[in-house]
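Knowing the structure of chain F, use the given hints to seat chain D on it.
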Amino acid sequence: MKLSRLVPSLMVAVVVGVGSPEVHAQFPNFNLNKLQDTLKKGSELLKKTQDATVEMTEANETETGDGMAANFLGAVPLHGDAALQRYVNRVGRWVASQSSRPDLKWSFAVLDTPTINAFAVPGGTIFLSIGLVKRLTNESELAGVISHEIAHVMQRHHVKAIQVLATQDLLKMGLAEAADRSGKSGLAKEGLKVAVASGMDIMAKGLDKADEFEADRIGAVLSARAGYDPYGLVAVLQMLAALKAEETGISLLMSTHPTPGDRLVELEKFSTLLDKFSSLPQLPDRFAAVMANIK
Amino acid sequence: MVTLILKAPRLRLVEKLACGLCFGWLILLNNLPAGAQEVLATNRATELRANPDDGAASLQSLPSQASVQLLERRGAWSKVKSGSQTGWVRMMHLRGGVMFEEAPPQSKSSGLLSRFNRILGGSPQTSQRAQSATVGIRGLSPEELKAAAPNPEALAAARSFAVSKLEAEQFAKAASLAAVKVDDPVAGGSGGAK
Chain F
1 MKLSRLVPSL MVAVVVGVGS PEVHAQFPNF NLNKLQDTLK KGSELLKKTQ
51 DATVEMTEAN ETETGDGMAA NFLGAVPLHG DAALQRYVNR VGRWVASQSS
101 RPDLKWSFAV LDTPTINAFA VPGGTIFLSI GLVKRLTNES ELAGVISHEI
151 AHVMQRHHVK AIQVLATQDL LKMGLAEAAD RSGKSGLAKE GLKVAVASGM
201 DIMAKGLDKA DEFEADRIGA VLSARAGYDP YGLVAVLQML AALKAEETGI
251 SLLMSTHPTP GDRLVELEKF STLLDKFSSL PQLPDRFAAV MANIK
Chain D
1 MVTLILKAPR LRLVEKLACG LCFGWLILLN NLPAGAQEVL ATNRATELRA
51 NPDDGAASLQ SLPSQASVQL LERRGAWSKV KSGSQTGWVR MMHLRGGVMF
101 EEAPPQSKSS GLLSRFNRIL GGSPQTSQRA QSATVGIRGL SPEELKAAAP
151 NPEALAAARS FAVSKLEAEQ FAKAASLAAV KVDDPVAGGS GGAK
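Those protein sequence lines, which keep their order, are chains F and D. First residue of the first sequence: 1, per my numbering; consecutive thereafter. First residue of the second sequence: 1, per my numbering; consecutive thereafter.
In isolation and in its complexed conformation, chain F is listed as follows (with noise of 0.2 Å):
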């Protein structure tokens, strides 16, 4: 930040030098007009990244996310029980109905791969592993996994991380005018795609610690909105906990989020809440019902 403002002085200051009749006098062939312009180009360039990201529509989230989604769905395989799906996205639609953007196309997805994770892409489609799945025992736990990536929606925390690593790429490449500071059109075609490709490194990141202890703290709060025991959540935090270290398939969910531990510790923080509301209901049988035919 500090090194961007400090650039444009310098290059006041080179003007100004070159313009000097000294250098003229040692350079006869230099080109002033043309350097200044390029100066000029320059200073521009860091203006747009000094002041403001480039700002992506709804409508851009929604592109971003399905590129996105289509990305996850092309590295792993849909799972196949149907009845699972359809029981994911009923609780799912049911709780984000209760988050302050209920009627985006929300739309959830359990993917076959035995790792432990679950990601919510922007616009809305939030993926869970069969592996993750199939640890939970109740009804609540799942509506608290789900609640959590509702939050990060919700809180449009990918969104805005991405608004930040798509502009820097964007002028990187020189392709300041795909980035629309105004916000009114939004990103141009070339944006989209680089947008999506700074999703999928942000989900092999991870998105900063304080966006996953507000996630955790919204999806409490949205699964009790729905209905549900906000303890489900910490069930869960707790279950992972308990998974060591070399367990297989937790590597990428340990490396892009706070450790189970520390999240519990900040959840506890607002155990007032989450004990106001623990008398919900879980629904075990529901959950037991559709897991019985999972192998």
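Accuracy of the hints is not assured; some may be wrong.
As the list claims (entries may be wrong) - Pairs of lysine-lysine, BS3-like flavour, derived with a Cα cap of 27 Å: (1) F/Lys205 <-> F/Lys105; (2) D/Lys146 <-> F/Lys172; (3) F/Lys276 <-> D/Lys146; (4) F/Lys160 <-> D/Lys146; (5) F/Lys269 <-> D/Lys181; (6) F/Lys134 <-> F/Lys160; (7) D/Lys79 <-> F/Lys276; (8) F/Lys244 <-> D/Lys79; (9) F/Lys105 <-> D/Lys165; (10) F/Lys34 <-> F/Lys134; (11) F/Lys205 <-> D/Lys181; (12) F/Lys105 <-> D/Lys146.
If you're looking for bench data, these hints aren't it; they were derived computationally from the structure.
Showing chain D alone in chain F's frame:
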């Protein structure tokens, strides 16, 4: 996995059966219901209570880092076994994994499991890679995520399971779930209730 074993040319039938049994046992252990083997430890001095209630009688005072076996979770509480006694401890007062460097002695099955893991994959550091090779775990490493090519057909298939707001409402009603007014404890944190 089964076809791999059956097709392996150098194994005799009896060896193939033995492999099958071994993997069957391994798969069985991995698919035990969650919590069946969960051993937790207290993360602070706390009470083992007769009922899941702060006002319930204390059966035993537990020190920090006391080992207990998880039986059930209900609301804010966990039903656990401490020595010969069964009672309730607050869920937040328990932690798993972090406290232990190795599988605790009372959990016999997890000891067997870790021995199988070692046979399959050598040292703990390589066990994950080895497990990937033998059990065929695919997808979702950071590299795979970044190198993924889109599958629009699969996305359309996934979207075909999406339900309407109304259907979701009806499904909730069917289990007597009702929306509750809950405020975000962080003021203005999430745009207010509903």
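Against the structure, the hints:
1. A C-alpha spacing of about 26 Å is found between F/Lys205 and F/Lys105, which places the hinted pair at or below 27 Å, so the restraint holds.
2. Under the criterion of a C-alpha separation no larger than 27 Å, the hint pairing D/Lys146 with F/Lys172 is consistent with the structure, at around 20 Å.
3. Distance check on the hinted pair: F/Lys276 and D/Lys146 sit about 42 Å apart at the alpha-carbon level, beyond 27 Å; violated.
4. Restraint check for F/Lys160 and D/Lys146: satisfied, since their Cα atoms lie roughly 19 Å apart, inside the 27 Å limit.
5. Between F/Lys269 and D/Lys181 the CA atoms are separated by roughly 20 Å; this keeps the pair inside 27 Å, and the hint holds.
6. Annotation: proposed proximity of F/Lys134 to F/Lys160 is violated, straight-line Cα distance about 32 Å (limit 27 Å).
7. For the given pair, D/Lys79 sits about 20 Å from F/Lys276 by alpha-carbon distance, which is consistent with the 27 Å threshold.
8. At most 27 Å may separate the alpha-carbon atoms for a hinted pair to count; F/Lys244 and D/Lys79 meet this at roughly 22 Å.
9. With a C-alpha separation of about 10 Å, the suggested pair F/Lys105 and D/Lys165 falls inside the 27 Å cut-off, and the hint holds.
10. Only pairs whose Cα atoms come within 27 Å are accepted, and F/Lys34 paired with F/Lys134 is rejected, the gap being roughly 65 Å.
11. With a CA separation close to 35 Å, the supplied pair F/Lys205 and D/Lys181 exceeds the 27 Å bound.
12. Restraint check for F/Lys105 and D/Lys146: the C-alpha separation of about 25 Å stays at or below 27 Å, so the hint holds.
Of the hints listed earlier, those the structure fails to meet are numbers 3, 6, 10, 11, in rising order.
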